[in-house]
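Chemist: The listed protein sequences derive, respectively, from chains A and B. Read in order, the letters of the first sequence are residues 18 to 124 in my numbering. Read in order, the letters of the second sequence are residues 949 to 1544 in my numbering.
Calculated from the structure, these hints are not laboratory results. These numbers come from a predicted model, not from an experiment. Careful: at least some of the hints might be erroneous.
Unchecked claim - Estimated spans, in silico, between C-beta atoms of each pair:
#: 1; chain 1: B; residue 1: GLY1222; chain 2: A; residue 2: TRP56; range: 42 to 52 angstroms
#: 2; chain 1: B; residue 1: PRO1340; chain 2: A; residue 2: PHE70; range: 37 to 47 angstroms
#: 3; chain 1: A; residue 1: ALA67; chain 2: B; residue 2: GLY1467; range: 29 to 39 angstroms
Said to hold, decoys possible - A few chain B residues that don't get close to chain A, going by computed Cβ distances all over 12 angstroms:
#: 4; residue: ALA1021
#: 5; residue: PRO1027
#: 6; residue: GLY1033
#: 7; residue: LEU1036
#: 8; residue: VAL1104
#: 9; residue: GLY1207
#: 10; residue: THR1259
#: 11; residue: LEU1294
#: 12; residue: HIS1295
#: 13; residue: VAL1296
Heads up, the beta-carbon is just placed ideally off N, CA and C, and yes, glycines get one too.
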Amino acid sequence: MTSSEDTDWIHIQDSPEFVELKRRLRRFVFPMTLAFLGWYLLYVVLADYAHGFMATKVVGNINIGLVFGLLQFASTFLITFLYVRHADRKLDPLADELRERLEGDRR
Amino acid sequence: MELNAWAMAGILLVGLATFSIGFRSSRLANTTQDFLVARRTVRSRRNAAAISGEYLSAASFLGIAGLVLKDGADALWYPIGFTAGYLLLMLFVAAPLRRSGAYTLPDFCEARLGSAGMRKLAAVFVIFIGILYLVPQLQGAGLTIHQVLPGAPVWVGAAVVSGVVFVNVFGGGMRAITVVQAFQYWLKLFAIAAPTFVMVALFFGDGGVRGAGVTGLTDPMPPRFPADVVITVETPVVLTVTEPVTLTATGGRVDGALGGRVYWGAGQHTVGEGTELRFTAGSPVPVVQGAPPDNLSWLRPVSGAGDLFTTYSLIVALFLGTMGLPHVLVRFYTNPDGRAARRTTLHVLMLLGLFYLFPIMLGALSRLYVPELLVTGKTDAAVLALPMKIAPGLLGEILGAVTAAGAFAAFLSTSSGLVVSVAGVLSTDVFKGKVRDFRFATFIAVAVPFVIAWSLRPTDITLSVGLSFALAASTFCPLLLLGIWWRKITWVGAAAGMLLGGGLVLAALVANIVSGYTGGWAPAFFQQPALVTVPAAFLAVLIMSKATQSQLPLDANRIRMRMHAPDRLGFIRDRDIARFGAAEDRARLANGRHRR
C-alpha cells in the first residue's frame, strides 16, 4: 500500500460525507438487528408461557402461534429486502459521490 | 426393506455426474481467460445457487424432515436459523471481511490482530469445525446406503462418500467451481421437490388423514401405525408410552425380561439390542424418550422450561454460527462487488427458503406413514423410507431412488467443500504448503472424519450439525464481530475467547459422547450449549482485550479503515482487480487455498 493512498484515506475518513455514510449504515443495521433478535426471542417466550394467547384460533385450525411462526420466516426475508433497498438507495449513491471526488483529486 | 436397485442406480449416477462435471469444468477453467470470463459473468443468481448448493447438507436434506417427524414445531428452528444466520452474516461480516483482503478465517486473524500465533489457533478451530461437520455427512451416507441396501453395514456409505470426495479433491476435479455447486443445488431441489409433489398428491388422492385411518396431526393423541409392522431395534432405546398398547417382542429383552406377548401401560419402557417388535395396524405408537408423545404437543412450539433453554441455545448457535463456517465465507468472494454480494444474499435466502418447504412437508407426512421410525429413533431415514410406504411398488422405488440420489448429492457437495477448506488450512498452516502436502492433507481431512464416523454411534444428523454451529458461534463469531466492530480487540483477548468458547463446546461434546455410552447422564443442554458458551467467549475477548491494551496491533487503524470504507469506494488496487481481474486471484479462489 502506498503512502499517498494512506494520506487520501485519512483525508476521506474525516470528511463529512464519510461520517454521514457510516452513520447511515449504523443507523440501519444496529436497530434492525436488535428488533430482529428481539422478535425471535419474544416468539419463544410467548410460545412457552402464553399458551392461551398463542392458541387463539384465527381461521379454522390456524392459531396465532402458527401465524407468528410463519411470520418468523417472512421477517428474515423482509429485513434482507429492506437492507438491500436501503444500501442501494441510501449508501451506494453517497459512496459513488465520494469515489468520484477521490478519483478527481487523483487526476 | 429389500434392495432398491433403482436407488443404487441413482446414487451411482450422482457419483458419476459429480466426477465428470468436476473434471470437465476444472479442465475448462484451466486457462487464465476462463477464470476472467467466469469472473465477469457469474451473476448473483447463479452465485446464489452455488452458495445454497454447498450449504444444503445432509442435515438439510435428511435431518430436517427427521426432526420434524420427531419433534414437530420445535424442529422448525433449524431452517429458520440456517437462513437467518445468513442475514447476520451479510449485515455484519460479509462486506468488511471482503474488503479486509483476507480470504479465510486464519487470514483474517493474522491480518487484523497481527499475530502469527492467532493464525495457527484459528487454523486448529477451522479443522475442528470442519471435521465436526463432516462426521454427520458421512454417517448420513451410511444410513442412506443401509436403507437402500439393507445387507450393507453402516460404514459402507461413509466409505463410498469418503472415497469419491478423496479422489475428486485429490485429482483436482472437484474444485469449488460455481457451475458444479449451482448444479448441485438444482439437483437437490428437484430430488426433494418432485417426490414431495407426487407423495402429497397421493396422500390427498387417498382421502387425506381420514383415508389413511391415522391420527390427525392436530389431535391430542399419539400417532397410530397405518398397517401391521415389524420393527427391528438395532441400538437399545427407551420408549415413552401414553396410551396402553399390546405387542409381540422376539429376539431380545424388553423391560429386562424376555419377550413374547407384551402389554405396555403408560410410562417408560426399555427395549434391548436386536429385539423385533410387532405392532398391529391402528396401535398407538410409542416414541423414543424425549420426543413429544402425542400429536398436539408435537405441533406446539416449546413445551417446558428446559425446552426454553435448548431453544434459545439453538437459536444463538444457528444465528451466530453461520458466519464462522469455513466453507460458507469463502463463497462471498466470488461476487464482483458489494451490490452483487447483497443481491446474492437475497437470492440465497429465497433459494434456501424454497428448499426447506419440502423437508418440512415430508416430515409431517412421515408422522402419518412411517411412525415406526419414532420407535427406533432413527428418524433421519424418514425422507428415504417414506416413498415406499406411500406408494408401494415401482412408483415408490423410483421416488425412493430420487430422494436417495439427492441425499448423496448433498453428502458429496458439502463434504467436498469442507474437505477442500480443511485440507487447504492443513497444508498452508499445519504442513508446509507444497503440493504433495496438499495431497497428504486431503487424505488426513478425509480419513479422520471417516474413522470418527465409523467408530462412534450415530446420533441425529441435525444435532451433530447443530453442535458444529455452536462451535463456530463460540469461536469465530466473537472474533469476527468484535474484530470488525470493536477498536480495542487484541490478540490476547481473541485467543482467550477462542480457547474458552471452543474449549467449553468441545468439553460438552466429549461429555456427550461419554454419556451416550455410559447411561445418558449428561443434561440436555450439553447437546446445545451455545447459550452459555457464546456469551462466555464474548466476555473473555472483552475482558482480556481490555487488560492487554499494550498489545494493540500498530496498523489497527489502517485495517479498520480498510474494512469500513464503503464497498464501491474500495481501494484503487482492488477496483482495478474488479475491473480487469487478476488471474492468480481466480486460481486461488477456485482451489480454495488462499494466500496473500
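Chemist: Taking the hints in turn, state whether each one holds.
Modeler: For each hint, the structure was consulted:
no.: 1; hint: B:GLY1222 to A:TRP56: 42 to 52 angstroms; in the structure: 49 angstroms, holds
no.: 2; hint: B:PRO1340 to A:PHE70: 37 to 47 angstroms; in the structure: 44 angstroms, holds
no.: 3; hint: A:ALA67 to B:GLY1467: 29 to 39 angstroms; in the structure: 37 angstroms, holds
no.: 4; hint: ALA1021; in the structure: 7 angstroms, violated
no.: 5; hint: PRO1027; in the structure: 8 angstroms, violated
no.: 6; hint: GLY1033; in the structure: 10 angstroms, violated
no.: 7; hint: LEU1036; in the structure: 7 angstroms, violated
no.: 8; hint: VAL1104; in the structure: 37 angstroms, holds
no.: 9; hint: GLY1207; in the structure: 40 angstroms, holds
no.: 10; hint: THR1259; in the structure: 5 angstroms, violated
no.: 11; hint: LEU1294; in the structure: 5 angstroms, violated
no.: 12; hint: HIS1295; in the structure: 10 angstroms, violated
no.: 13; hint: VAL1296; in the structure: 9 angstroms, violated
Figure legend: structure checked against the earlier numbered hints; hints not met, in rising order: 4, 5, 6, 7, 10, 11, 12, 13.
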